[in-house]
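Asker: If you want the building blocks of each chain, they are given just below.
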Amino acid sequence: MAAAGTMRGDRVFVVLLILRLSFCPCLVGATNEYKRQLTLQLNPNSTSLPPGGDLLHVRAVGDNDTLHFLWCSQGAPTLLIVHTNTSSSSVQVNWTQFLSRNVSGGLSVEPQSSIQYSIAVVFSRLLEYDDANDTAMPDSDFFPPYELQNLNWTRLELFDAKAQLCGETPEFGNGSLCLTLSVFDSDGRAESWPRLLHSANSSQLEVWLDGIMPRSANSRFLLEMQAVGGDFPLSRVDVRQFIDDEFTPSIFKVSQWVSPVKGGSDVSGYVQWKPVAYRQSNPALEDATPCRYSDPQTQDGNATAASSALIQAFFSQPNITGLNVSFGLAGEPFYNSTRFLSWTMLVGVGAPPVDTFSPIVLAIMAVGLGTPMILLLVGGVLVCLHKRRHGSPATYQPIN
Amino acid sequence: MCFLVNHLNVFFFSGSYFCYDNPAALQTQVIQDLNLNTAKFMQLYAWYSWPNVVLCFFGGFLLDRVFGIRLGTIIFSLFVCVGQVIFAAGAWYDLFWLMELGRFVFGIGGESLAVAQNTYAVNWFKGKELNLVFGLQLSMARLGSTVNMNIMGWVYNKVAVVVGSPGPTTLGASLMIAAVTCLFSLVCALVLGVLDKRAERILHKEEGKTGEVIKLTDVKDFPLTLWLVFIICVGYYVAIFPFIGLGQVFFIEKFNFSPAEARAVNSIVYIISAPASPVLGFVVDKTGRNVVWVMMAVVATLAAHMMLAFTFWNPWIAMSLLGVSYSLLACALWPMVAFMVPEHQLGTAYGFMQSIQNLGLALIAMAAGAILDSRGYLVLEVFFCACICTFAAHVLVIMIIILGCLCEHRCFGCLRWSGCYSYRAKRRPIKQTQGDFARLAPMSAFGLRNRYLSRLGAQLPDHCSTHLSSLAYRSVLK
Numbered sequence: 001m002a003a004a005g006t007m008r009g010d011r012v013f014v015v016l017l018i019l020r021l022s023f024c025p026c027l028v029g030a031t032n033e034y035k036r037q038l039t040l041q042l043n044p045n046s047t048s049l050p051p052g053g054d055l056l057h058v059r060a061v062g063d064n065d066t067l068h069f070l071w072c073s074q075g076a077p078t079l080l081i082v083h084t085n086t087s088s089s090s091v092q093v094n095w096t097q098f099l100s101r102n103v104s105g106g107l108s109v110e111p112q113s114s115i116q117y118s119i120a121v122v123f124s125r126l127l128e129y130d131d132a133n134d135t136a137m138p139d140s141d142f143f144p145p146y147e148l149q150n151l152n153w154t155r156l157e158l159f160d161a162k163a164q165l166c167g168e169t170p171e172f173g174n175g176s177l178c179l180t181l182s183v184f185d186s187d188g189r190a191e192s193w194p195r196l197l198h199s200a201n202s203s204q205l206e207v208w209l210d211g212i213m214p215r216s217a218n219s220r221f222l223l224e225m226q227a228v229g230g231d232f233p234l235s236r237v238d239v240r241q242f243i244d245d246e247f248t249p250s251i252f253k254v255s256q257w258v259s260p261v262k263g264g265s266d267v268s269g270y271v272q273w274k275p276v277a278y279r280q281s282n283p284a285l286e287d288a289t290p291c292r293y294s295d296p297q298t299q300d301g302n303a304t305a306a307s308s309a310l311i312q313a314f315f316s317q318p319n320i321t322g323l324n325v326s327f328g329l330a331g332e333p334f335y336n337s338t339r340f341l342s343w344t345m346l347v348g349v350g351a352p353p354v355d356t357f358s359p360i361v362l363a364i365m366a367v368g369l370g371t372p373m374i375l376l377l378v379g380g381v382l383v384c385l386h387k388r389r390h391g392s393p394a395t396y397q398p399i400n
Numbered sequence: 001m002c003f004l005v006n007h008l009n010v011f012f013f014s015g016s017y018f019c020y021d022n023p024a025a026l027q028t029q030v031i032q033d034l035n036l037n038t039a040k041f042m043q044l045y046a047w048y049s050w051p052n053v054v055l056c057f058f059g060g061f062l063l064d065r066v067f068g069i070r071l072g073t074i075i076f077s078l079f080v081c082v083g084q085v086i087f088a089a090g091a092w093y094d095l096f097w098l099m100e101l102g103r104f105v106f107g108i109g110g111e112s113l114a115v116a117q118n119t120y121a122v123n124w125f126k127g128k129e130l131n132l133v134f135g136l137q138l139s140m141a142r143l144g145s146t147v148n149m150n151i152m153g154w155v156y157n158k159v160a161v162v163v164g165s166p167g168p169t170t171l172g173a174s175l176m177i178a179a180v181t182c183l184f185s186l187v188c189a190l191v192l193g194v195l196d197k198r199a200e201r202i203l204h205k206e207e208g209k210t211g212e213v214i215k216l217t218d219v220k221d222f223p224l225t226l227w228l229v230f231i232i233c234v235g236y237y238v239a240i241f242p243f244i245g246l247g248q249v250f251f252i253e254k255f256n257f258s259p260a261e262a263r264a265v266n267s268i269v270y271i272i273s274a275p276a277s278p279v280l281g282f283v284v285d286k287t288g289r290n291v292v293w294v295m296m297a298v299v300a301t302l303a304a305h306m307m308l309a310f311t312f313w314n315p316w317i318a319m320s321l322l323g324v325s326y327s328l329l330a331c332a333l334w335p336m337v338a339f340m341v342p343e344h345q346l347g348t349a350y351g352f353m354q355s356i357q358n359l360g361l362a363l364i365a366m367a368a369g370a371i372l373d374s375r376g377y378l379v380l381e382v383f384f385c386a387c388i389c390t391f392a393a394h395v396l397v398i399m400i401i402i403l404g405c406l407c408e409h410r411c412f413g414c415l416r417w418s419g420c421y422s423y424r425a426k427r428r429p430i431k432q433t434q435g436d437f438a439r440l441a442p443m444s445a446f447g448l449r450n451r452y453l454s455r456l457g458a459q460l461p462d463h464c465s466t467h468l469s470s471l472a473y474r475s476v477l478k
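Each protein sequence line maps, in turn, to chains V and U. Residue numbering for the first sequence follows our numbering, starting at 1 and increasing by one per position. Residue numbering for the second sequence follows our numbering, starting at 1 and increasing by one per position.
Hints were generated in silico from the structure; no laboratory data involved. Do not rely on the hints blindly, as some may be mistaken.
[To be verified] Between beta-carbon pairs, the in silico distance windows are: (1) S374/U with V378/V: 44 to 50 Å; (2) W97/U with D300/V: 56 to 62 Å; (3) P342/U with V367/V: 51 to 57 Å; (4) R236/V with V299/U: 28 to 34 Å; (5) D160/V with F312/U: 35 to 41 Å; (6) S192/V with F312/U: 24 to 30 Å; (7) A132/V with V299/U: 24 to 30 Å; (8) W154/U with D210/V: 50 to 56 Å; (9) D210/V with V180/U: 34 to 40 Å; (10) M137/V with V163/U: 20 to 26 Å.
[Unchecked claim] Computed footprint of chain U on chain V; a stretch qualifies when at least three of its residues, placed anywhere within it, have a C-beta under 8 Å from a C-beta of chain U: (11) 218-231; (12) 337-346.
Nothing here was measured: the structure is a model prediction, and the numbers come from that model. Just so it is clear, CB atoms sit at the ideal spot from N, CA and C, and this is done for glycine as well.
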């Protein structure tokens, strides 16, 4: 009791970050262009450090709506995004209920009526299989999976608008599985590959396996994710192709796990990623390894709620769909070659951002193609003028 | 005998062609097994081109004065062989500098062999057969490239099974197998030398001469339009060969082709140019108007690159278009030089053209690798489009303007080239009746009249056109 009193002041962080990162305004995309004001809160209203994991609340306030990002490591790491239609909504946490993890209602967004949409992503398991024949078909030879809720998670480290979390277990050896959440206040593009284009309505999650001891020389990994889509579950994955690979060289596709509105083409929430993972922390083009996903399938809501405190606290009857992302194709180097794998995804509400050309490419094309045309026209005019001025002498001229 | 010599001559160059594009055929394996990035991979092409910046001038000289055609051919074949073996050894022992050295040595032999092959052809086949022989040479060369593209991947996989796993050893072994073709070329060269010596003894033929005289002081006499042709040549070819070098992975990544399919579509340029070159050469010869054909080829290549860059249309279309336009340009551009300079300067002009071309290829190959590593394929394709636009299209337009202003005839009739300049490519003795003895025979009235008219600078009818000499320089590799 006495210890609780001394920790009261310093364990409640209220970090006011008004980020004025200046991104190139000419990146016109199909994203909302307004800026949001970000406020970060670690373990809101908590009197003491919650055992087992932290809860980060980021409040991104727009003109007349708010996005609440909740990132929790109690149990399996979970990201929850709640979209409300007022700029004065707030998150209330009943810590005893939240930490008990057996009833829902421990976390709520007030006022409840303002909630437009909510999407949550849970990282549930890390699977490993022995790819002895180098076929990259994860059908069999699975080793016992790592349940991510059973990992020892470190405390959330905050820097800029990012929160990093690492999990260790004796089976990893000296390695760890780390996740970094980045929240943004406006449009922009990440600095490191795959340089996903983000908007103010999205957050970026980077997952990497660093130094984990593989259980065979030919191991490959799969990451299992589960998603809750509020009223509209994330039921399908769209793959879009585009011609510009300037920001992610040699990748021409983007995959989007979306929650379609009433089976139509509008989407209310998405998980977006490019089908590439990198085998080095500062990757070059050769360090790219392709990844695949499995079809989304319905999962048991109770099991997921039991594994993640945030799901249990916020959702009463969640509709869960899950998929696996597998890293590596036949012929690609195994995890053992570098013992490092990183993969990035975007989670957000509304429509996913659409990639565009960079202005350099457009400028080069305009100059490169336009000038010969102009030259040809000008040249043709010049030649005609020249002919008119000098006439066209006959082939033979009189000698005298 | 001629039949045998024809086949030998045609085959002996195929080893060099087969091995030139080995890196492109095994791009993924080279990069993965040796832990390279794309910029370093393209160095393998750059190092092939560097010796030829200088050697293009001296190839003819070396073959004529220093070694003689027979010994010279054998020496250059040896260089090709040894170069490929060094290259394979460098891969085996995972020493990249050794591989670069191997490509350098290979390059010394490769381009000079082209000159030797042409000299043999001109020496043995006179008259109408020359066209056929040159056509066959080009086709066989292209066949070698195509076979390389499609087979090397399969060879590598088989070797990997034997060796146990992919790695530098597998790569080195595959490249050693490719070196066998170079050995075959060397054997052909030896047999050709023997046959030629026998012919010299039996038929009292002279040892062939390339006929090239390189005088660097001639460079100051080159007309402006010739320099423009040089620039067009560089600007065009740097958008073809580095692209093919990097093409396989592009088709795998963007169009989801399997590696075998990607290699096949990469090699379609060569497959098409094998039959298309003779046909298009015939068409260009018949119609003249080289500049128009060159413009068409440039526009077609630009269109092909834009299709590949900005759409997901089936790349077979774009690559076929690229193959046709590449053949068309080769048939239309190289003969243009023969119309712009007198015959005694032809050697220098072509030497210069090839030298600049190799310089451009070496530089752009490295630049392409670097661009790909940092910015990806779209920017690379845009870069190639920009190269074509700037160096080829702009310059071509400038040339058309200059010719339009200089020309006396309407409708760019002088683009036919026959009467614009007072230089007249003199007919080579090879086109006359029976080799060297024809020079001693009195000229016919027809020949006399033609000589008189050509001195006046009049326009000669088509069947008297003598740009056959330019065929000798239609560079077999490019």
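Asker: Now tell me if each hint is right for this structure.
Answerer: Now for the hints, and whether the structure bears them out:
1. S374/U with V378/V: 44 to 50 Å: violated (36 Å)
2. W97/U with D300/V: 56 to 62 Å: holds (59 Å)
3. P342/U with V367/V: 51 to 57 Å: Roughly 39 Å apart at Cβ, these two residues miss the hinted range, so it is violated.
4. R236/V with V299/U: 28 to 34 Å: violated (43 Å)
5. D160/V with F312/U: 35 to 41 Å: Holds - the Cβ-Cβ distance for D160/V and F312/U, about 38 Å, lies within 35 to 41 Å.
6. S192/V with F312/U: 24 to 30 Å: Holds, since S192/V and F312/U (Cβ atoms, about 28 Å apart) stay within the stated range.
7. A132/V with V299/U: 24 to 30 Å: Check failed, 53 Å falls outside 24 to 30 Å.
8. W154/U with D210/V: 50 to 56 Å: Since the Cβ atoms of W154/U and D210/V sit about 38 Å apart, the hinted range of 50 to 56 Å is violated.
9. D210/V with V180/U: 34 to 40 Å: violated (46 Å)
10. M137/V with V163/U: 20 to 26 Å: Since the Cβ atoms of M137/V and V163/U sit about 24 Å apart, the hinted range of 20 to 26 Å holds.
11. 218-231: Our answer is that it is violated, as 0 residues pass the Cβ test (under 8 Å) against chain U, missing three.
12. 337-346: Coverage by chain U is violated for the segment 337-346 of chain V (0 residues, Cβ < 8 Å).
The structure shown violates the earlier hints numbered 1, 3, 4, 7, 8, 9, 11 and 12.
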